[in-house]
Amino acid sequence: MYVAKHVEDLPPSGIRAFFDLVLGMKDVISLGVGEPDFITPWNIREHAIYALEQGYTSYTSNKGMAELRKDIVKFLDWRYGLAYDWDSEMLVTVGASEGMDLAFRAILNPGERVLVHEPCFVAYAPLVRLAGGEPVAVVTTEEEGFKVTPRKLEAALKKGTKAMILNYPCNPTGVSYTREELLGIAAFAKKHDLLVISDEIYDELTYDFEHTPLATLPGMKERVIYLNGFSKAYAMTGFRLGWVSGPEKILAAMTKIHQYTIMCAPITSQMAAREAIRNGMKDVQAMKREYNRRRNFIVASLNEAGMACHMPAGAFYAFPSIRGLGMSSMDFARDLLEKEKVALVPGNAFGSHCADHVRISYASSYDNLREAVVRIKRYLEARRG
Amino acid sequence: MKEILEILMNDARTTPEEIAKMTGGSAAAVRKQIKKYEQDGTIVHYKAIVNPEMVEGNQNMVRALIQVSIVPQKDVGFDHIAERIYNFSEVKSCYLVSGSYDLLLVVEGNSIQTVAEFVSSKLSSMENVRQTATHFLLKKYKEDGKIFKVAPRQKRLNITY
Numbered sequence: 201m202y203v204a205k206h207v208e209d210l211p212p213s214g215i216r217a218f219f220d221l222v223l224g225m226k227d228v229i230s231l232g233v234g235e236p237d238f239i240t241p242w243n244i245r246e247h248a249i250y251a252l253e254q255g256y257t258s259y260t261s262n263k264g265m266a267e268l269r270k271d272i273v274k275f276l277d278w279r280y281g282l283a284y285d286w287d288s289e290m291l292v293t294v295g296a297s298e299g300m301d302l303a304f305r306a307i308l309n310p311g312e313r314v315l316v317h318e319p320c321f322v323a324y325a326p327l328v329r330l331a332g333g334e335p336v337a338v339v340t341t342e343e344e345g346f347k348v349t350p351r352k353l354e355a356a357l358k359k360g361t362k363a364m365i366l367n368y369p370c371n372p373t374g375v376s377y378t379r380e381e382l383l384g385i386a387a388f389a390k391k392h393d394l395l396v397i398s399d400e401i402y403d404e405l406t407y408d409f410e411h412t413p414l415a416t417l418p419g420m421k422e423r424v425i426y427l428n429g430f431s432k433a434y435a436m437t438g439f440r441l442g443w444v445s446g447p448e449k450i451l452a453a454m455t456k457i458h459q460y461t462i463m464c465a466p467i468t469s470q471m472a473a474r475e476a477i478r479n480g481m482k483d484v485q486a487m488k489r490e491y492n493r494r495r496n497f498i499v500a501s502l503n504e505a506g507m508a509c510h511m512p513a514g515a516f517y518a519f520p521s522i523r524g525l526g527m528s529s530m531d532f533a534r535d536l537l538e539k540e541k542v543a544l545v546p547g548n549a550f551g552s553h554c555a556d557h558v559r560i561s562y563a564s565s566y567d568n569l570r571e572a573v574v575r576i577k578r579y580l581e582a583r584r585g
Numbered sequence: 010m011k012e013i014l015e016i017l018m019n020d021a022r023t024t025p026e027e028i029a030k031m032t033g034g035s036a037a038a039v040r041k042q043i044k045k046y047e048q049d050g051t052i053v054h055y056k057a058i059v060n061p062e063m064v065e066g067n068q069n070m071v072r073a074l075i076q077v078s079i080v081p082q083k084d085v086g087f088d089h090i091a092e093r094i095y096n097f098s099e100v101k102s103c104y105l106v107s108g109s110y111d112l113l114l115v116v117e118g119n120s121i122q123t124v125a126e127f128v129s130s131k132l133s134s135m136e137n138v139r140q141t142a143t144h145f146l147l148k149k150y151k152e153d154g155k156i157f158k159v160a161p162r163q164k165r166l167n168i169t170y
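From first to last, the protein sequence lines stand for chains L and C.
Reminder that position 41 of the first sequence reads as 241 in our numbering, one-by-one numbering, no gaps.
Reminder that position 39 of the second sequence reads as 48 in our numbering, one-by-one numbering, no gaps.
Extracted from the complex, chain C is given alone in its bound form (with noise of 0.2 Å):
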């Protein structure tokens, strides 16, 4: 069944019925076993992955990688900063990390100076934030495995034996 989940993580927009067909199951058992992952939190969501340079009117979204150092807490660790952190809707990934700092975020805003205000207003001045970095993104060139860029036109010949 793990068969489901590589082909939906690959294309989420295949339907029952054809990967029913693809796995030699039926469609109702499919979607059976879909509803059950959507149910326990294996399947989180369905999105399309947008390259924003392409998109009109969005030239000047900025997105950053902010490396956060913080302070953890007695019993909870580094969870309920992080939740404080993550739960602000410009922040769109949190990872802790190892290494030199602690918390790493995906921060996304309109422009640079929406995300400087973000950090210096809301994320530096936190109790038990220590210190922030951030970095602007320059370019995106893949994520999640795709990559940004408009694929090449198939080289085969179109018939061969």
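Same shape as in the complex, but just chain L (with noise of 0.2 Å):
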């Protein structure tokens, strides 16, 4: 009775319990998690060691510490010819989670529209809605191959609308665009004057392309809050640390919130980070192949054992259809889980019209890979008769 109002409106709640079921349950093959199954590389952690060893235990400055942000910049400027000023235009964060959370509250004014493509992370719409803003969905369907398109932004748009969401690659469908693709993208921006909040936590994990930043694109710096972190490149999602560029005004007013709410990220994750950026990109490749056999094989075995699935261009997930089967995905997760222990998460978990499809991780071991996908097969074979 003392939680407001729109708090206590907000998570979906069958997806909780379904997620305290699987918790709960031993010896299951879970293809339901959201993060790499590699651990953090040794030179990482090694570094994380030595700077508790050499007394790194206090706060940094508000905006992370500035060897971290110039370091940060540096790469951006290697890695894609996107230059960001360390100073004004770099914000360290606790994941880009956190980043997400500053932007919505930093731009949005009560009621101001967001546009949110789904099938999309979980997050988005509620910390819309958290910020006093009002997430408009942008709805995309498997024949579309789940890509969000100029037109459908037009047909999507609402009057009151100051910014959208784009994700790329895609947690959960794996999608991704090519430049070409973002062209259109960022036209429409321009042409509604949108901001465009641009989360690219998965870009290193793109296969089949090259990643193009949003924030490259002819006249898009000045409207990209371009969000990113090591959680997943580097497998660093405990030490929870990301970062955001942009804007230099709308930086500062982020940067104002985060003062407030959180201070600084945690100086370890930051000395480990340093490590990270400097010399990461040799394990990062190698993580990259591994993933992209995986990626190979559990589609091409989905698609084998009956499970339609298309091609993800990235991330580390599928986002095969049960369509046929006559259950709604949560009933088939559960189901799944009961029957053959494999544990995957349930489409309606990222939009209401995916509940035709479910969320399969491939960041785990090909042993257990072959074991679930032959559980798969049986209990989808068991089930059609």
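Hints in this document: simulated from the structure, not taken from any laboratory.
Even for Gly, the Cβ is constructed at its ideal location relative to N, Cα and C.
Careful, some of the hints might be misleading.
[What the hints assert, rightly or not] Taking lysine to aspartate or glutamate pairs in the DMTMM-like style, the calculated list, with each CA pair at most 20 Å apart, reads:
(1) L:K270 with L:D285
(2) C:K11 with L:D483
(3) L:K482 with C:E12
(4) L:K482 with C:D153
(5) L:K347 with L:D408
(6) L:K577 with C:E26
(7) L:K488 with C:E12
(8) C:K164 with L:D567
(9) C:K164 with L:E246
(10) L:K358 with L:D393
(11) C:K164 with L:D237
[Unchecked claim] Some residues of chain L that are not near chain C, with every Cβ distance over 10 Å (derived):
(12) T260
(13) F275
(14) P335
(15) T341
(16) L382
(17) A452
(18) R474
(19) D483
(20) R584
[What the hints assert, rightly or not] Partial selection, computed: residues in chain L whose CB lies under 10 Å from chain C:
(21) M225
(22) E235
(23) E490
(24) R493
(25) F497
Since each chain comes alone in its own frame, lean on the hints to assemble the complex.
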């Protein structure tokens, strides 16, 4: 009774119950995990230990250590030719999630609208709401390869829309965009004077073409809030470290909120990140090659097992269809868990229109992937008779 | 095609069918390429990496690193004498190295005596072998990129967004 109404109304409780069911069960093969199965490369962990030994246990500058911000800026310039000022256009955050939250809180006046593509990461719409805004769903379908297109965006656009979210490679679909496709989306944003919050946390896990940061496209830097971090590429989820780059004024506003709520990202993690950004690329590339092989393996195997699955361009998720089984993805996930002890995430977690799909994470060993496919196949055969 | 090697070097049990799925080729093409690697000597051998400490009845097995200084011979340099040494079945590995000695051997035996016996009667007595230094291995922590410790349990939660 003490909880605010807008908070009480927030989360999809059905999914929570399913998660609890999975977490309470033993000997489950899980393809439901949204993080790398690799442990953080040793040189990065070792640097974090070193930092503790050396007594790096204090606060840092609100924006993050100057050395780290300079290193990130240098890295972005080298990697993508993307130039930001290390002091006024770069903020180190507690994961890209914090950056997302700060972005909405910094830009939204009550009731202003944000275009959110579906399926998408679970946090976007709730964060828009918590910031007083109104999420507007841009529903993408399997037939269109789950892609956001200018046409889709135009159709969904409502009066009072201030910003849009773009997440690519996308959790849960693995969809990403070529430079040409992004140019179309950029033109839409410019035409309607929208800010774009571009969540590119999976950028290093793009398999079939080069990743293009949205902010590198002509005329986009001034309207893109660019989110990235160390979690996925460097297998550093638990370190909780990300960054935001963008126009100076917006960054200043975000920093204001950040300094009151977070103060600064943990110094141990910032020290670890310094090692990652300087000497991490070789491991990133090796992990990417491995994910790519698993991607090919799981997609071919699922299709073989009778579960239609498109080829995702990035991240470490497959998003196969369960259409034709005559059950919702939630019922499917629950039944598969009970009968075959395989855990995956039902599609409706990622949007109300996604009840025909499930998310399968292939950030898992081949032994797990092989066995999971055998079990899924057995389940489907029994189900279809 | 180098990718096939990367996969097999990590797990030689991966089948051609699985490799085909991983790399997007056909199983027949993968099988053909592997055959080629085997024939031209790119792939030398397949074997399991065993932790000898875990093998029952094997507790007395000893390994030694032996540094060998040799006198190189006209025309054939170190190769001829190296061949005479590495052909002994006790010699598990043999490397020519730069520095204060020439050959580095890994030698295995059932007991310290066996290895000592090999060094004194076979190795040191060999013409052109000037000097040897034997270092018995006390513990194996890591070999060929694999750590000899049972992997800790997965620490991730079973389900997250």
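Evaluation of the provided hints:
no.	hint	result
1	L:K270 with L:D285	holds (8 Å)
2	C:K11 with L:D483	holds (18 Å)
3	L:K482 with C:E12	holds (16 Å)
4	L:K482 with C:D153	holds (19 Å)
5	L:K347 with L:D408	holds (16 Å)
6	L:K577 with C:E26	holds (17 Å)
7	L:K488 with C:E12	holds (13 Å)
8	C:K164 with L:D567	holds (17 Å)
9	C:K164 with L:E246	holds (19 Å)
10	L:K358 with L:D393	holds (13 Å)
11	C:K164 with L:D237	holds (9 Å)
12	T260	holds (27 Å)
13	F275	holds (26 Å)
14	P335	holds (17 Å)
15	T341	holds (22 Å)
16	L382	holds (25 Å)
17	A452	holds (30 Å)
18	R474	holds (24 Å)
19	D483	holds (14 Å)
20	R584	holds (23 Å)
21	M225	holds (8 Å)
22	E235	holds (6 Å)
23	E490	holds (9 Å)
24	R493	holds (4 Å)
25	F497	holds (5 Å)
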